[in-house]
Amino acid sequence: MKRASLWRTVRLGVSSLLLHKLRSALTTLGVLFGTSSVIAMLAIGEGASEKAQAEIRLLGSQNVILRSVKPREDFASNQQTRVNSYGLTDSDYERVSATFPGVGRVVPVREIYEEVRRGSRAMNPRVLACPPVYRDVTGRQVLEGRWITDQDERGIANVCVLSDEVARYLFPVEAPLGQTVKVGADYYTVVGTLMPRTRQRSDAPGAGEQTQAEVFIPLETGRKWYGNLQVKMRSGSREMEEVELHEVVIEVDQPDSVPTVAAAAREMLSRYHTQKDYEVVVPLEQLLLAEKTKRIFNLVLGSIASISLLVGGIGIMNVMLATVTERTREIGIRRALGAKRRHIVTQFLVETVVLSVGGGLLGVALGLIVPLIVEHFADMPTVITPSAPILAFLISAGVGVVFGIYPAWRAANMDPVEALRHE
Amino acid sequence: MADTHSGEIVAELEHVSRVYRMGSAEVRALDDFSFVFKRGEYWAVMGSSGSGKSTLLNILGCLDRPSEGQYRVRGTPTSQLDDDALSDVRSRELGFVFQSYNLIPQLDVLENILVPLFYQDDPPADGEQRARRLADRVGLGKRLEHRPTELSGGQQQRVAIARALVNDPALILADEATGNLDSQTALEILALFDELHAEGKTIVLVTHEPDVAARAERVLRLKDGKIESVYENRKVQA
Ligand SMILES: Nc1ncnc2c1ncn2[C@@H]1O[C@H](COP(=O)(O)OP(=O)(O)OP(=O)(O)O)[C@@H](O)[C@H]1O
Ligand SMILES: [Mg+2]
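Chains as they are written, first to last, in the working numbering: chain A, 123 to 545; chain B, 8 to 245.
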């Protein structure tokens with residue numbers, strides 16, 4: 123009976139609200155925007171921090187990465203020489219490893235612009251020539267076989283390690299270990315494969331272009347067979363590029379020293395490079411940046427959300443007070459026919475909660491769409507955790523209760539005789 | 008007539024006063040008023056405007072409390088009842104019929120009739136059946152889904168009467184129930200009251216019109232919150 127009567131009260135509330143459709147709809151707007159801001163806030167904040175974490179996972183939180191970046195096209199010089207000479211140099215690498223304080227291992231990396239083939243299957247992964255220590259510093263893990271060894275380096279061995287994606291593509295059937303693949307014109311024996319590094323949906327494609335298709339060969343092998351001068355096919359035309367090192371990964375001793383090392387690297391590079399043909403990637407900075415973005419978003423959207431909810435709540439209260447006055451006579455009738463104070467309280471409270479929860483539900487719907495739009499147009503990753511809509515919904519219901527209590531109390535405490543005489 | 012129950016006291020007022028204070032002025036809407044309403048009686052309450060008729064009805068209906076004196080409903084002293092208990096008395100023992108019908112606009116005919124049961128702590132299981140039967144009885148059995156605005160005044164008052172009967176009340180209170188109706192419709196409503204009286208219901212009907220009062224069994228005339236006269240109508244029909 124109790125449940126049936128609550129249900130009837132809800133139905134009555136809905137039908138009372140439907141008597142004034144426009145008014146009810148307008149009243150819910152505040153709560154609608156409030157709840158959708160709550161969801162958007164959580165989604166964007168969560169997205170920013172997940173992106174940062176993914177970044178860290180890929181690059182290592184204690185690393186500072188120097189990368190060669192092709193400077194902006196200078197048509198005049200380009201046309202004459204047809205060779206682009208830029209990027210990090212071996213001297214950069216030596217300066218870092220010899221003079222930087224607080225630095226652990228420093229890893230030079232070359233990238234080789236060659237196609238990788240196996241029989242009729244071909245692909246264009248990043249082919250990286252790196253010393254054995256690269257694996258440790260970047261946290262890659264061997265799935266099968268082994269990683270590049272010092273012996274490979276010394277012997278300038280034609281061996282390679284494939285990332286999971288490459289292994290799967292080139293060896294759909296057989297086991298890759300011990301087989302050979304062709305990198306450019308040379309044959310390499312596969313000695314190991316790596317564990318997949320799951321790429322999150324939210325991983326930004328822009329951040330340093332970390333493709334998962336990677337092939338690793340010993341650094342010395344790379345130096346020997348592929349000189350500094352490489353031909354790069356680019357939109358149909360050939361381009362000569364001269365780059366000594368494509369990447370230098372610096373492992374920092376302590377997390378605290380990361381900013382110092384990053385600053386020193388920036389200082390050093392700007393002194394020795396006449397043009398901006400490098401970038402310094404600091405995952406920790408990205409994390410801090412993401413945290414800051416998250417905080418700012420939380421602050422902005424949190425204020426919008428609380429103001430909307432407050433204004434929405436006051437709006438609802440205002441409308442309910444008007445409704446109570448408007449329906450004074452109905453209250454008198456109900457009291458005369460036996461309604462207790464709590465019946466009247468329930469009736470108006472239910473009506474307020476229906477209003478705010480209605481706004482809340484629409485707000486949840488809008489709040490689920492907004493992050494998609496943000497992701498699409500602002501290129502910011504968003505993550506909607508299941509708790510966000512639930513939280514937003516509960517907040518909207520809470521707003522209804524908080525701002526509904528006073529009008530309901532007013533209604534319930536009217537004198538029945540006065541109320542019946544009203545109009 | 009329902010002689011089986013005659014003599015049982017439904018409502019009893021003992022030295023009841025209702026005093027309104029407006030600044031230093033004091034209005035005694037009811038003044039040391041004592042009276043007894045017994046089961047099966049049909050009273051018309053008359054008196055000039057401001058004589059205290061509505062005040063009396065409000066106290067009988069547990070909508071208002073005496074300033075002084077004691078009011079008992081079926082033996083229960085109301086001064087000891089709190090707001091919830093008074094509401095209980097209204098939903099179980101009383102039926103109201105108002106001058107302006109006072110139906111709830113959002114509800115249809117059937118729902119309006121059911122309102123008093125809705126507020127009972129344990130309403131009868133056959134409430135809806137009873138409501139339908141009452142709607143039939145007042146001639147609105149085919150309009151159950153209509154909203155009050157779709158009904159004429161007379162029809163609305165019929166719904167109100169059905170609503171006043173749905174909880175099988177000990178006392179039916181009507182304040183100028185025919186005041187808003189044309190004479191033909193008023194007669195139809197009065198015929199309904201006659202029927203209820205014949206069934207043994209206890210009715211107190213406030214009215215200004217001697218014609219209406221003449222339909223009742225007894226007349227109570229008020230003046231300045233006191234009893235001016237009490238008399239019995241001689242009925243032509245038995
Ligand atoms: N809320 C109130 N405050 C002050 N005085 C009141 C109040 N209600 C009623 N009165 C006074 O009490 C007296 C009796 O009022 P009541 O409404 O009972 O008269 P009535 O007999 O029903 O009159 P009518 O025939 O006009 O309906 C009147 O003098 C009225 O002014
Ligand atoms: Mg009156």
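Check the hints yourself; a few may be wrong.
[To be verified] Residues on chain B that point at chain A, a partial pick, calculated with CB under 8 angstroms:
1) Ser94
2) Gln127
3) His215
Derived from the structure by calculation, the hints contain no laboratory data. Each residue gets a CB set at the ideal place from its N, CA and C atoms; glycine is no exception.
Hint by hint, here is what the structure shows:
1. Ser94: 4 angstroms, holds
2. Gln127: Since chain A brings a Cβ to about 7 angstroms from glutamine 127 of chain B, closer than 8 angstroms, the hint holds.
3. His215: 17 angstroms, violated
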